[in-house]
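**Q** Single-letter residue listing:
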Amino acid sequence: MAKHMISLTINGDTYDLVVSDTQTLLDVIRGDIGLKGTKRGCTTGACGVCTINDSKGRAILSCMTHVLEWDCESITTIEGLESNGELDAIQRAFIEYGAVQCGSCTPGVIMSAKALLNAHPQPTEEQINEAMSGVLCRCTGHVKVKEAIRNAHRIREASSHAATD
Amino acid sequence: MPPPTDPQAIPAQEAELSVVGKRQPRLDGPQKVTGRSVFTDDVVLPGMLAGKILRSQHAHARIVRLDTSRAEALPGVKAVITAAHAMGMAASSTESAGEASRRRTGRAIKLKTGESVFADQVVTYIGEEIAAVAALDEATAEKALELIEVEYEPLPATMDSRRAVKPGAPQVNPEFPGNVWSEDIDNYGKPDEAFESADFVVEGKFEAGVTHNLYAEFHVAVVDFSRPDKLKVWTPTQTSYLMQHSLAPAFGLSLNQVQIIHLNTGGAFSGRGAVRPHHYVAALLSRETRRPVKVFSAGDEEFLIGRALGKNRYKTRIAANKDGTLKAFDMSCEMDGGAVGNEVGYFGWMAGLCNAWVFDLEGNRFRRKVILTHQRPNFLGHGGMMVSSNCAVAQLVAKVAKSLDMDPMDLLLKNAVEPGHTGLSGEVFASCGLKECIETVRRESGWDDKYGKLPPFHGIGVAIGAMASGAKGAFKHDTSAAMVRVGEDGLVTVYTGIPDMGQGTHTTMAMIAAEVLGIDANDVQLIAGDTDLTPVDVGAFAQRGTITTGNATRNAAIDARNQLAKHAAEKLATEQHNLVFRNGRVIRADDPDQSLSFKEVAYATLHGMEGRCVMGRGFFNSPLPYGTMAWSFDAQVAEVKVDPETGQIQVLKVTVAHDLGRTINPLAVEGQIDGQVFSAMSQVIYEELVTDDGLFLNPSRLEYKMPRTYEMPEISHHMIETHDPYGPFGAKEVGEGPVVVTGAAIIAAVSDALGGTLIPEMPMTPIRVLKAIRGSELYENGGQKP
Chain A
1 MAKHMISLTI NGDTYDLVVS DTQTLLDVIR GDIGLKGTKR GCTTGACGVC TINDSKGRAI
61 LSCMTHVLEW DCESITTIEG LESNGELDAI QRAFIEYGAV QCGSCTPGVI MSAKALLNAH
121 PQPTEEQINE AMSGVLCRCT GHVKVKEAIR NAHRIREASS HAATD
Chain B
1001 MPPPTDPQAI PAQEAELSVV GKRQPRLDGP QKVTGRSVFT DDVVLPGMLA GKILRSQHAH
1061 ARIVRLDTSR AEALPGVKAV ITAAHAMGMA ASSTESAGEA SRRRTGRAIK LKTGESVFAD
1121 QVVTYIGEEI AAVAALDEAT AEKALELIEV EYEPLPATMD SRRAVKPGAP QVNPEFPGNV
1181 WSEDIDNYGK PDEAFESADF VVEGKFEAGV THNLYAEFHV AVVDFSRPDK LKVWTPTQTS
1241 YLMQHSLAPA FGLSLNQVQI IHLNTGGAFS GRGAVRPHHY VAALLSRETR RPVKVFSAGD
1301 EEFLIGRALG KNRYKTRIAA NKDGTLKAFD MSCEMDGGAV GNEVGYFGWM AGLCNAWVFD
1361 LEGNRFRRKV ILTHQRPNFL GHGGMMVSSN CAVAQLVAKV AKSLDMDPMD LLLKNAVEPG
1421 HTGLSGEVFA SCGLKECIET VRRESGWDDK YGKLPPFHGI GVAIGAMASG AKGAFKHDTS
1481 AAMVRVGEDG LVTVYTGIPD MGQGTHTTMA MIAAEVLGID ANDVQLIAGD TDLTPVDVGA
1541 FAQRGTITTG NATRNAAIDA RNQLAKHAAE KLATEQHNLV FRNGRVIRAD DPDQSLSFKE
1601 VAYATLHGME GRCVMGRGFF NSPLPYGTMA WSFDAQVAEV KVDPETGQIQ VLKVTVAHDL
1661 GRTINPLAVE GQIDGQVFSA MSQVIYEELV TDDGLFLNPS RLEYKMPRTY EMPEISHHMI
1721 ETHDPYGPFG AKEVGEGPVV VTGAAIIAAV SDALGGTLIP EMPMTPIRVL KAIRGSELYE
1781 NGGQKP
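Here the protein sequences line up with chains A and B, keeping their order. Taken in order, the first sequence gives residues 1 to 165; the numbers are from my numbering. Taken in order, the second sequence gives residues 1001 to 1786; the numbers are from my numbering.
These aren't lab readings, by the way, just hints derived from the structure by calculation. Treat the hints loosely; a few may be bogus.
Stated by the list, open to error - Below, in silico cross-link-like pairs of lysine to aspartate or glutamate (EDC-like), each with a Cα-Cα straight-line distance of 20 Å or less: (1) K1705/B with E1721/B; (2) K1230/B with D1530/B; (3) K1143/B with D21/A; (4) K1653/B with D21/A; (5) K1653/B with E147/A; (6) K1653/B with D1449/B; (7) K1369/B with E1138/B; (8) K1653/B with E126/A; (9) K1653/B with E1444/B; (10) K1022/B with E1721/B; (11) K1653/B with E1688/B; (12) K1399/B with D1530/B; (13) K1414/B with E1175/B; (14) K1022/B with E96/A; (15) K1315/B with D1449/B; (16) K1705/B with D21/A; (17) K1435/B with D1410/B; (18) K3/A with E1138/B; (19) K1166/B with E1138/B; (20) K1022/B with E147/A; (21) K1705/B with D1643/B; (22) K1414/B with D1489/B; (23) K1453/B with D1530/B; (24) K1653/B with D1593/B; (25) K3/A with D1137/B; (26) K1322/B with D1199/B; (27) K1322/B with D1405/B.
None of these values were measured; they are calculated from a predicted model.
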């Protein structure tokens, strides 16, 4: 099996990696790097728990993505959402609005929500439904997940006001 | 039975609650939203190998040749095992002789579930374990599986429980001629007399399809059996206790030589209540290689090894009088047990009981027949099989109302049980808010403005249900123990063996301890999920968490409080019963200006001359010899629209009123209700594993449908508080009561939308809806409701 040398930036840290043709981003994130926050689910792109963000802040299914194509790219995983020890507004919204239950899909759900909020900070109901339809969650029935997404901007604004006060 | 006199009761303390009833975010929330929570698949141990399992491709076949030599020779392969390695494993020590004799399947290894770890000579379903490999990595293990040579001689298979019982049908297990695993009749009250004296009888048939519980975390186990005297198992589960009881005898170990570590459990939905073959396989591989082994199932394998509902076929009769009195139920169910059949009969018994809890009946009969087929062995879905049995009942109750031209709400109110009611099997409902639940959903759903007044293909339906909080009867005992340790800094640690699969039980336990000790729930930490550290707890099923483990935790916290109160009473120059622990202080009830901080009391107690270690111990096991002590009650109204062109059902709104005794954490309760509405809606409209000769045709999360975000209805929650005398702070269950009602409300609403046409099966897929519409009066009348 051919091996290749690539460089990949994860949550701001750059790694030089030797990878094979068949390895996915998920394999590398969880295996080579050892970041276990991104979950392994169906590994066929059906459940969405492995979702991460690319450098443009878009949602990517890491289990369906060959790592070879990501040489010199930059990605964000669930571990990269915090900044300066502060949780991201969407993470705080998930806690406050009860959008977390078993937590197994939560990293993928949050990274999908983050991608949506990157593009639409105050998304419409339709945009939420569209963006979140790719992640399966049986515990919450999506109800409180949507509530958290709807209210994330308020939490963000409240904390940015607090920062400037 | 009178309400208990609680020797531990502390009236001054509990007169005003300061933690219970607050919207408390989950204590593990920050860990879960940052990806720091560790799940079993995240566990990496030094020297860990990857395990993979070779599974049968035939529903019924003889294994003529099994050659593992090429796999063994592959570099990186550390072990290849087959049935020969699993010989001599004993069945569980906890089962009765009767159960054990039923389980003599004539195959190599008989386990508690009745399944064998590996097929020995004959395979009886697609997906059955034949061999397993441990290798340096998953890719090598997978390659090794391909090198195992299996030659099958296909045998005729019986795939449908109706055909399986006919003469000449292929036999699944020679010990059960005719493929009948078990046949039982449960009689409560006087069903025969009630049917004879009734004014009329309605009848109906109902079928429910094959499912998977679809937890977000797939089946996975990490096992370290490198030491012969310690079997360590990391796995998602609802019960570390029963896992110990199954694994220990199988490997000749004592119970506590088996250590179960359940970390976070990624959903369970009634599906993780037993040890499964992959747990034994991982243990055997680890024993063989003396290295830790991880077995993770991916993709379609997850569906093959899932144990959920099989095909259930109900025939129901209801006896009623012309004034709307429901007199008796007679339900029979043919249950497809799959190739093993051991586990499903019990759930039929539960369904039979559950059907009758909400109605004041004269008689109730439930006949259950478990039939063996060459399908996947079956277990239960979210809500047991009560989601479907309640649908079958609700359809006929609606039919009774319709035939009497009576509003279904009035019919339910007329027959609903009340507090103090003694049920047909002797259960006493100490608290019961059923009528209040019904009245609440009637009001909140706008029922009176809608029922009978909606346009064609737009309907509204109501259903009710009840659920026992506790497991006595299902198991020999219903024990939970807990410990509450107070640190010198005033931080409190609760030790509990109950798993949290997402339902929020750990936060509930922290809130209960915090309430008793008068501190903030955020100052409580949990030690859970490790049988080497935590006290005994039967597990998180049968709705025993809040009431059983909750009472144990409350008792442990009271014990710890009493240890602190001794010092505080001396300091405040008063008696211990004159103390109130609240808002982080220990206060004299008769003189609230006199108080000490909780931390101060904790520090002084721990460093007193007595050298007291503040560790409260608590315990709860229902004092009844059999049966549970508290029941939740639930009423729901669903409003739906049916598209007559496509057959698609849109659920517009579900109004839920649930009598949970006392709301401990409203945020968690709402989440529980939302999830159960989702799950029941999913079961009655979407979820079905389509099989063809035992092969699943849709074993993927894309093709096995659940509702997506845009398909979810508006959900309106109403918590009815009846303060049950047996529950901690009066609380009862809310983990399964709602799910068994939503489906029945939706099915009644669909029937209303179709002018009374009943769809006799679930899920109500578009094709079944269209079939029902085509055959209905509504269709004949060109869309006009008759």
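**Q** If a hint holds in the structure, say so; if it does not, say that too.
**A** Hints, one by one, checked against the model:
1. K1705/B with E1721/B: This hinted pair is violated, its Cα atoms lying about 35 Å apart.
2. K1230/B with D1530/B: holds, 14 Å
3. K1143/B with D21/A: Satisfied, since the Cα-Cα distance of roughly 17 Å is no more than 20 Å.
4. K1653/B with D21/A: violated, 49 Å
5. K1653/B with E147/A: Within the cut-off at roughly 17 Å; holds.
6. K1653/B with D1449/B: Judged against 20 Å, a Cα distance of about 15 Å means the pair holds.
7. K1369/B with E1138/B: violated, 42 Å
8. K1653/B with E126/A: Judged against 20 Å, a Cα distance of about 18 Å means the pair holds.
9. K1653/B with E1444/B: holds, 11 Å
10. K1022/B with E1721/B: Given that 20 Å is the threshold and the Cα spacing comes to 14 Å, the pair holds.
11. K1653/B with E1688/B: Violated, at roughly 23 Å.
12. K1399/B with D1530/B: With a Cα-Cα distance of about 51 Å, the restraint between K1399/B and D1530/B is violated, given a limit of 20 Å.
13. K1414/B with E1175/B: violated, 48 Å
14. K1022/B with E96/A: holds, 13 Å
15. K1315/B with D1449/B: Not OK: K1315/B and D1449/B at ~34 Å, beyond 20 Å, violated.
16. K1705/B with D21/A: violated, 32 Å
17. K1435/B with D1410/B: holds, 11 Å
18. K3/A with E1138/B: holds, 18 Å
19. K1166/B with E1138/B: Given pair K1166/B, E1138/B is violated - Cα atoms ~44 Å apart, limit 20 Å.
20. K1022/B with E147/A: holds, 19 Å
21. K1705/B with D1643/B: OK: K1705/B and D1643/B at ~19 Å, within 20 Å.
22. K1414/B with D1489/B: violated, 57 Å
23. K1453/B with D1530/B: Violated, because 56 Å separates the two Cα atoms, which is more than 20 Å.
24. K1653/B with D1593/B: At roughly 51 Å apart (the allowed maximum being 20 Å), D1593/B and K1653/B break the hint.
25. K3/A with D1137/B: holds, 17 Å
26. K1322/B with D1199/B: Status holds; Cα separation ~6 Å.
27. K1322/B with D1405/B: Roughly 10 Å between the alpha carbons, so the hint for K1322/B and D1405/B holds.
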